[in-house]
Amino acid sequence: DVKVTQSSRYLVKRTGEKVFLECVQDMDHENMFWYRQDPGLGLRLIYFSYDVKMKEKGDIPEGYSVSREKKERFSLILESASTNQTSMYLCASSLLGVDYGYTFGSGTRLTVV
Amino acid sequence: SQKIEQNSEALNIQEGKTATLTCNYTNYSPAYLQWYRQDPGRGPVFLLLIRENEKEKRKERLKVTFDTTLKQSLFHITASQPADSATYLCARHGSGNTGKLIFGQGTTLQVKP
Numbered sequence: 001d002v003k004v005t006q007s008s009r010y011l012v013k014r015t016g017e018k019v020f021l022e023c024v025q026d027m028d029h030e031n032m033f034w035y036r037q038d039p040g041l042g043l044r045l046i047y048f049s050y051d052v053k054m055k056e057k058g059d060i061p062e063g064y065s066v067s068r069e070k071k072e073r074f075s076l077i078l079e080s081a082s083t084n085q086t087s088m089y090l091c092a093s094s095l096l097g098v099d100y101g102y103t104f105g106s107g108t109r110l111t112v113v
Numbered sequence: 001s002q003k004i005e006q007n008s009e010a011l012n013i014q015e016g017k018t019a020t021l022t023c024n025y026t027n028y029s030p031a032y033l034q035w036y037r038q039d040p041g042r043g044p045v046f047l048l049l050i051r052e053n054e055k056e057k058r059k060e061r062l063k064v065t066f067d068t069t070l071k072q073s074l075f076h077i078t079a080s081q082p083a084d085s086a087t088y089l090c091a092r093h094g095s096g097n098t099g100k101l102i103f104g105q106g107t108t109l110q111v112k113p
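If you're matching them up, the sequences are chains U and Y in order.
For the first sequence, the working numbering begins at 1 and goes up steadily by one.
For the second sequence, the working numbering begins at 1 and goes up steadily by one.
Calculated from the structure, these hints are not laboratory results.
You may find that some hints are simply not true.
[Stated by the list, open to error] Pair by pair, the computed Cβ-Cβ distance ranges are:
#: 1; chain 1: U; residue 1: THR86; chain 2: Y; residue 2: GLU5; range: 25 to 31 Å
#: 2; chain 1: U; residue 1: PRO61; chain 2: Y; residue 2: ASP39; range: 27 to 33 Å
#: 3; chain 1: U; residue 1: ARG109; chain 2: Y; residue 2: ALA83; range: 21 to 27 Å
#: 4; chain 1: Y; residue 1: GLU15; chain 2: U; residue 2: SER106; range: 38 to 44 Å
#: 5; chain 1: U; residue 1: PHE20; chain 2: Y; residue 2: LYS55; range: 41 to 47 Å
Given the structure is predicted, the values throughout are model-derived calculations rather than measurements.
We put the beta carbon where it would ideally sit given N, CA and C, even for glycine.
Make the full structure from the sequences, and use the hints.
This is the structure we're talking about:
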């Protein structure tokens, strides 16, 4: 069963901490994505990557960075966590191109206190 | 900019009836539209992709249409069941060929026994 695995389902961090969210896929997909989902705002793209060491900003990259050192792993980094980054974070992957669906992970519910 | 709009009000229907969800988009017609299902606290699951020239696509009890004149896609679930209760998301690609998806906010479907 192919999957996207996110390292944590729930995470509680303090304001100012550096936070790492890890995502691993086993489908040899080129594309990987990080979204956050908030009530009333839907899914918003933070960053995406279409190849190892490549990254592109999404719609809301401020306060985040990413790392893709290996094809199967895409990490989201909150440099200095703030309370407005409390959210559900979703990682996804897909084959390269526009006619493929995404496979999402189960999500990480991050609370910054 | 491209937008995807879904009815934010929940749709309540009786078991056995056909549920119809609407997705409207702005600006140019995308070559593809995608539909996802999301259960509470989980990541979205890819259901169907419809191409611009397909007009209609079916998968078991699901049917999706694509009307480029109305700039609209309709998502139908026939013989609905309580297990179909979930939020359904419509998505289109943004510009370029990197596979980046723009999601609607989703419509929540509640099927009552």
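Each hint tested on the structure:
A C-beta distance of roughly 26 Å is found between U:THR86 and Y:GLU5, which places it inside the suggested range of 25 to 31 Å. Evaluation of the 27 to 33 Å hint for U:PRO61 and Y:ASP39 yields a pass: the beta carbon distance comes to about 28 Å. A C-beta distance of roughly 24 Å is found between U:ARG109 and Y:ALA83, which places it inside the suggested range of 21 to 27 Å. The hinted range of 38 to 44 Å is not satisfied by Y:GLU15 and U:SER106, whose Cβ atoms lie roughly 28 Å apart.
The hint said 41 to 47 Å for the Cβ distance between U:PHE20 and Y:LYS55, and at roughly 45 Å that hint holds.
When held up to the earlier numbered hints, the structure conflicts with hint 4 and nothing else.
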